[in-house]
Each structure stands twice: as C-alpha cells, then as structure tokens.
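Asks: Starting from the known structure of chain A, arrange chain B with the ligands on it as the hints suggest.
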Amino acid sequence: MTELTTNSTAFVDRLRTLETKLPALQANALSRFLYLGFPEISNEEWRFTDVSKLAGADYANPLTTIEADLSYIEANRYELILAAEAAIQPAADATSVILFNGLPVAGEDQDPALGVSIRYLSSADSAAGEIADTESNPFTALNAALFPGTLQITATAGAALEQPIEVVLISGHAGSSAPRITSPRIVIQAGENSQLTIVETYISLGSGTSLTNTVTEALVSRSAIVDHYRVNDEAKSSWHVSALAAALDASSVFSSHSINLGAAIIRNEATALLRGEHAECTLNGLSLGDGDRLIDNHTSIDHASANCNSHEVYKAILNDRSRGVFNGKIFVRLDAQKTDAKQTNKTLLLSPEARVDTKPQLEILADDVKCTHGATIGQLDPSQVFYLRSRGLSEGEARRLLTYAFAGDIVLRLKVERLQTALDERLRVWLA
Amino acid sequence: MALLEIKGLHAAVDGREILKGIDLTVNAGETHAIMGLNGSGKSTLANVLAGRDAYEVTGGSVIYDGKDLLELEPEERACEGLFLAFQYPVEIPGVNNTYFLKAALNAKRKYHGQPELTAVEFLGLVKEKLKILHIDQSLLNRPVNEGFSGGEKKRNEIFQMAVLNPKLAILDETDSGLDIDAIRAVADGVNALRSPERATIVVTHYQRLLNYIVPDFVHVLLHGEIVASGGKELALKLEKEGYAWLEQDLAGAAR
Ligand SMILES: Nc1ncnc2c1ncn2[C@@H]1O[C@H](COP(=O)(O)OP(=O)(O)O)[C@@H](O)[C@H]1O
Ligand SMILES: [Mg+2]
Chain A
1 MTELTTNSTA
11 FVDRLRTLET
21 KLPALQANAL
31 SRFLYLGFPE
41 ISNEEWRFTD
51 VSKLAGADYA
61 NPLTTIEADL
71 SYIEANRYEL
81 ILAAEAAIQP
91 AADATSVILF
101 NGLPVAGEDQ
111 DPALGVSIRY
121 LSSADSAAGE
131 IADTESNPFT
141 ALNAALFPGT
151 LQITATAGAA
161 LEQPIEVVLI
171 SGHAGSSAPR
181 ITSPRIVIQA
191 GENSQLTIVE
201 TYISLGSGTS
211 LTNTVTEALV
221 SRSAIVDHYR
231 VNDEAKSSWH
241 VSALAAALDA
251 SSVFSSHSIN
261 LGAAIIRNEA
271 TALLRGEHAE
281 CTLNGLSLGD
291 GDRLIDNHTS
301 IDHASANCNS
311 HEVYKAILND
321 RSRGVFNGKI
331 FVRLDAQKTD
341 AKQTNKTLLL
351 SPEARVDTKP
361 QLEILADDVK
371 CTHGATIGQL
381 DPSQVFYLRS
391 RGLSEGEARR
401 LLTYAFAGDI
411 VLRLKVERLQ
421 TALDERLRVW
431 LA
Chain B
1 MALLEIKGLH
11 AAVDGREILK
21 GIDLTVNAGE
31 THAIMGLNGS
41 GKSTLANVLA
51 GRDAYEVTGG
61 SVIYDGKDLL
71 ELEPEERACE
81 GLFLAFQYPV
91 EIPGVNNTYF
101 LKAALNAKRK
111 YHGQPELTAV
121 EFLGLVKEKL
131 KILHIDQSLL
141 NRPVNEGFSG
151 GEKKRNEIFQ
161 MAVLNPKLAI
171 LDETDSGLDI
181 DAIRAVADGV
191 NALRSPERAT
201 IVVTHYQRLL
211 NYIVPDFVHV
221 LLHGEIVASG
231 GKELALKLEK
241 EGYAWLEQDL
251 AGAAR
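Top line first, the protein sequences correspond to chains A and B.
The numbers in this note's numbering rise by one with no breaks, and the one at position 23 of the first sequence is 23.
The numbers in this note's numbering rise by one with no breaks, and the one at position 234 of the second sequence is 234.
So that you can see chain A by itself, here it is in the shape it has in the complex (with noise of 0.2 angstroms):
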C-alpha cells in the first residue's frame, strides 16, 4: 500500500510504475520513499537545505539506464579507468576499484591473499540496509529501492590491509542528456582483528544534471580498525546526498572522514552506532564552500553502550556565497556509562555573504560521563591578518596563510599520504 506525498512530480510518478517490476525488498523500500516523499523544508531534519530543485528534476526511468550504463561501461571501460586514476592517481600498490553509476567497471571480485575480498553483488544477491535508516531517511530508502547492486568489501577475522582500497565512483550520463539519479552502495564487513582502510571518491563523466544518493554500511566487528574516508569532487551540476552507517562492535576502531570539494549541493549523513563497549569512534570533516554551493553534514553518534569515546571535529570555510549546515547528534544512552564525547564545530566565513547554520544536538541520559560541545563561527582574526601583515606578507598571502592553517589540523589527520597530498595541494589552489 502507497500513500500519497505531497511531492508529486514526474519523477515520483514514474517511480510509482516501478513498483510492481521490482523485487519484494526492494518495492517495500520504494514504497517507504513514497510515503515519506523528498523531505522538505518543514522538516526539522532538512530546515536549511532545501532540496525542491533536486526533488523537482525529472530523472531518467532509473530500471532502463542501468542497461545503458552496463552497454556505456563495456564501450568505454578504458576511458572509465583512466578517469579514475586521473582523478586520485592512486599509490603504485593500491587496490582500487571503480564503479560508474554504481555498477562495477573494475577492480571487483578480486581475493588479494590477506583474507580481503571486493565483490560486486546484484541487488537480487545483496540484502539491502541491514543497518542504514530506511525507515525515515527518505533518500536511503530511495537507495535501497533503485540501488543496481552492493560493492561489499570483506575483510576476514585478524585480516590487515596496510594499503587503502581505494574506490572511485564515477556518474555520468551514458551519452543522454536526461537528468539522472544514481543510487551507488557499499558494504563493508570488517571481521574481528581486522583491519581495513577504504576511501570512497566521487567524481563526474561530463557536466549534465545529476543526483548521486549513495549509501555505505560499514560492520566493524569486534576489535577491528576500519578507518573510511569519503572525498566528494563532484562537478558543479551534481547534487550528492549521501548516508553512511556504521555499527561498532566492543573494542573496535572506527573513523570516518569526510572531505567535500564538489558538487552544488551536498547533503552527508553520518551516523555511527557504539554497540559494544570501549568501542572508539571518530567522525571529521573539512568543507570547502564557493560560488553558490551548499554543504550539509549532519552526524549522528549513538553511545548505547559504556566505556566508549567519540570525537569529531567539523570544518568549513565558505566563501562567495555559499552555505554550510551543520548538525551534530550525540545520544548517550541510560547504560552507556563513562562515556567520553567530544564535538568541535569550526566554521570560517571569508565572504560576507557566506552562512552557516549550525546545531550540536546532545541527549544524555546517563549520569556518569564527559560529553563536551563546541561551535565556532567567524572571519579571520584582524590582529592575525595584521601581525603577518606587518612582517611584509601581503593581505592575500595572509589571508590565505591563516585560512590554509585553519584546514590544516584536519588535513593533518588524514592517514593515508596520498590524499594527504592532493588535499594539501587543493587547498592551496583554491585559496590561490
């Protein structure tokens, strides 16, 4: 059964027709997303990210691109190929794997000795959001619904990967020009002891009219270090929103940052579930806002058990006038004793035109533990600008020696060299 939403558009109304050609699980989904409809402004949860342009965009039928895709892939698999390694250039020794629209292009079904295996599962084979929000995010239940199959990353009891798996997720048009929706997903399952590193890039084929709703579920089991990255350097016509869920088991490690460059409007939601005790999470991000783009991030750390520390820091400098949001929710459940959070909000604002909406959101029903928050927003400091200033740097180096230094701490924690450098080497090009 299918009620009405508010939203009816196009799109919606041909996503209505899919949903007796789809499988079971994945029609339940679609019909979630059709109750719960594109979120809107009156939604709390989407105050300041208005998402009507994207809702209102009258996508390609999602079922029949994914056949041009897989023709589209196996033409150009080479041009795929290079464009990812264009894009990260990619240690000599690192594993990648590329999907384009969220089908496999390469690097899938590999088993490195290691005990690591990438496979590309069809949605038929993969269940979908064992732990993502499909029941109230409405975009992650759009994914789960129209998602072409899962990249499941699988790492095997006390197996350790030193090199990152890097994965490179490319949308395109195929050669249409029809707006398209894209609905990419991982899962990654880190078995006990193990160890992983994954980094997640997106990036365009072209310029037209795109939405990636993408969604990564990562399963840290027990004492496992899984340390996630995700890089967006979309193109400036694509809207990005993406959920990433994490389920942390005692003991384990988990981290997850999130560098955002491209793209018009980006929506990240992160949200890290602390299942086991002594469990340690940390959650960081750094957002690089121009023109008119748009840069939400919203976390969501949920401490429902004791012993377990989360950090997270957030940044963004914004200029011109672009906007940032930012929304951080930390639950401290009643038995979650001798919790240890920490919440730092960071936000430079180099135009005058530039905003920021932030909101820390702390629900502590525990009694013993240590949760701190805190949220800053502001220019550069004008004694700074001028104590350079007055060693002969010129306003501009200034400006952008402090602004790069406001980044840095967060460029400074990215633990995989390479992206270390290209961030280093971004920021410096941008602030140029």
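Hints are computed from structural coordinates only; laboratory data are not their basis.
Any given hint could turn out to be false.
[As the list claims (entries may be wrong)] Pair ranges (Cβ atoms, derived):
1) B:Tyr-111 to A:Pro-352: 27 to 33 angstroms
2) A:Ala-91 to B:Ile-180: 39 to 45 angstroms
3) B:Glu-197 to A:Pro-382: 29 to 35 angstroms
4) A:Ser-383 to B:Lys-67: 22 to 28 angstroms
[To be verified] So, partial list: chain A residues that the calculated Cβ filter (under 10 angstroms) puts toward chain B:
5) Trp-46
6) Arg-47
7) Phe-48
8) Gly-378
9) Pro-382
10) Ser-383
11) Gln-384
12) Arg-391
13) Gly-392
14) Glu-395
15) Leu-401
Where a beta carbon is used, it is the ideal one built from N, C-alpha and C, also for glycine.
Replies: Showing chain B with the ligands alone in chain A's frame:
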C-alpha cells in the same frame, strides 16, 4: 635627511583622539627611548607607524626614508625596513614559526628584487640568530606564539627582528615581564643591529633596559603629546622623581 620625521601627528581610536600632535625626528644611527605612563599613547604611536588600520590618522605627516609612510600598506612598510616588536604579540595557531619567518623574509627579498633564499641558506641564517639571542631551536617548529610564555613571545619578536634586519626597529615594551638575563638578550639583539644606517625606538617603562640599550635621546609621552625630551639622564630623573612634575608642567602650560 632624517630616517623618520613625524610632524603634528594626530590619531584617533573609535573617534577618540589619542595622539594629539606628535613631533619626533629620528636620524639614522640614533637610538631613541620613549617613556610615559600607561595609557599615554605609546603603543598607539607604534601601531600607527606600523600601519594598523584600527587607528585613524586625523592629522599630521610621517616621512620615513624619504617616503610618505602613511600612504604605504603595512606590508610595504615592513618591506621598506620598518619593524614593530609588539607589546602583545598575537598567537597564530596552525602557522609554523619557521614557515612564517621564511615567507616574511622572502616577501621582503622579493620586494627588493632579490632571489628567495634556499632552504639551506635560510636555516643557516636562522640558526645563527638563535645562537646570538640564546634562543632554543625548538621555537622554530612551534606555531607562531601559540602557547608561548610572555617572555617567549618577546624573545620571538626579537628573533624575527634579527632575521628581518630592519632599518627602523620599534620595540614596544619588549622588556616588560622579562628577567634580567632575557633583557640582556634583547639588548644584545638590538645592539647587534646598531649601525650608522639604522635607528631604534625603544618604548619602555623602565630605565633598567636603558642601561643595556643606551639611548641618544629620551622622550616623555603623556596624554598623547611629547612633553619632554632630553638625553639619557632624563630617564634617570624619571626613575627617581616619577612623572608628577611633568603633569604639573603640563597643567601649568594649559593655564
Ligand atoms: N585598539 C584600541 N581600542 C580602543 N582604545 C584603545 C585602543 N588602543 C589604545 N586605546 C586607548 O588609547 C589610549 C592609549 O593607549 P596606548 O597607546 O596603548 O597607551 P600606552 O601604550 O602608552 O600604554 C588608552 O586610553 C587606551 O585605552
Ligand atoms: Mg603600550
């Protein structure tokens, strides 16, 4: 021609007049001391000379090295050889001290059409200056002034001065809060710069620094005006008698 010639300088902060007609001439080769009670406008004068835009110049002129100083941007003043050691140096987290100093030195070199120093040349210069000033090398790898003690900040100012090698150095209470060894190190740094082409203005509360940096002239700044000028013996008189006699003179003159 004088290195610095200040005539009838008036300056205001937030619409309130702080400097009320300063006249001061500093020739190359000279060392001048400016003394005066707190709040009399010494730092205001120093900051106006360095080009801080929070201070509005409402009258008068400043000729520095043949140029209209007030027309120059702060960085142009720095590149032309003016250096202010701040009374309260600001902390700049995330900016490495060495990186900053190298950028400053190279900006100055570029301004004068000189090539940038190589990393080796720069490090050689920096180490030499650290040694002269008895400053620990660990200072180099720290963010500019971040978490520095008061004394460390002052030393860092003098260190920057030594590396940038200014033509006119203005030290704004660099001796405040320093122990006697540190004061000696500061004085060594200043005295090493002394030459017939350079000049120094030392703003201080205490005659004690002037035992080590012996001034050619001492000026007293009170309520935004220079109310007395003399030789180094003026500093000794102020130390003994305080400023009350000058306040009385000022009140008498006003009557
Ligand atoms: N940035 C400023 N904003 C407002 N008032 C200031 C500022 N700087 C100085 N003043 C005021 O100007 C006067 C002179 O201050 P200052 O130049 O710092 O004196 P000194 O260095 O001789 O102690 C004081 O009354 C002080 O409060
Ligand atoms: Mg002062």
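Asks: Each hint should be assessed against the structure and marked as holding or not.
Replies: Hints, one by one, checked against the model:
1. B:Tyr-111 to A:Pro-352: 27 to 33 angstroms: holds (31 angstroms)
2. A:Ala-91 to B:Ile-180: 39 to 45 angstroms: Once the Cβ atoms are compared, 56 angstroms apart, the range 39 to 45 angstroms for Ile-180 of chain B and Ala-91 of chain A is violated.
3. B:Glu-197 to A:Pro-382: 29 to 35 angstroms: Roughly 33 angstroms apart at Cβ, these two residues keep to the hinted range, so it holds.
4. A:Ser-383 to B:Lys-67: 22 to 28 angstroms: For Ser-383 of chain A and Lys-67 of chain B the Cβ distance comes to about 25 angstroms; the hint holds.
5. Trp-46: Violated, because the Cβ-Cβ distance from Trp-46 of chain A to chain B comes to roughly 34 angstroms (cut-off 10 angstroms).
6. Arg-47: violated (32 angstroms)
7. Phe-48: With a minimum Cβ separation of about 28 angstroms from chain B (threshold 10 angstroms), the hint on Phe-48 of chain A is violated.
8. Gly-378: violated (13 angstroms)
9. Pro-382: holds (8 angstroms)
10. Ser-383: Interface hint status for Ser-383 of chain A: holds (5 angstroms vs cutoff 10 angstroms).
11. Gln-384: Holds. Min distance 5 angstroms.
12. Arg-391: holds (4 angstroms)
13. Gly-392: holds (4 angstroms)
14. Glu-395: holds (7 angstroms)
15. Leu-401: holds (6 angstroms)
Hints 2, 5, 6, 7, 8 from the earlier list are contradicted by this structure; the remaining hints agree with it.
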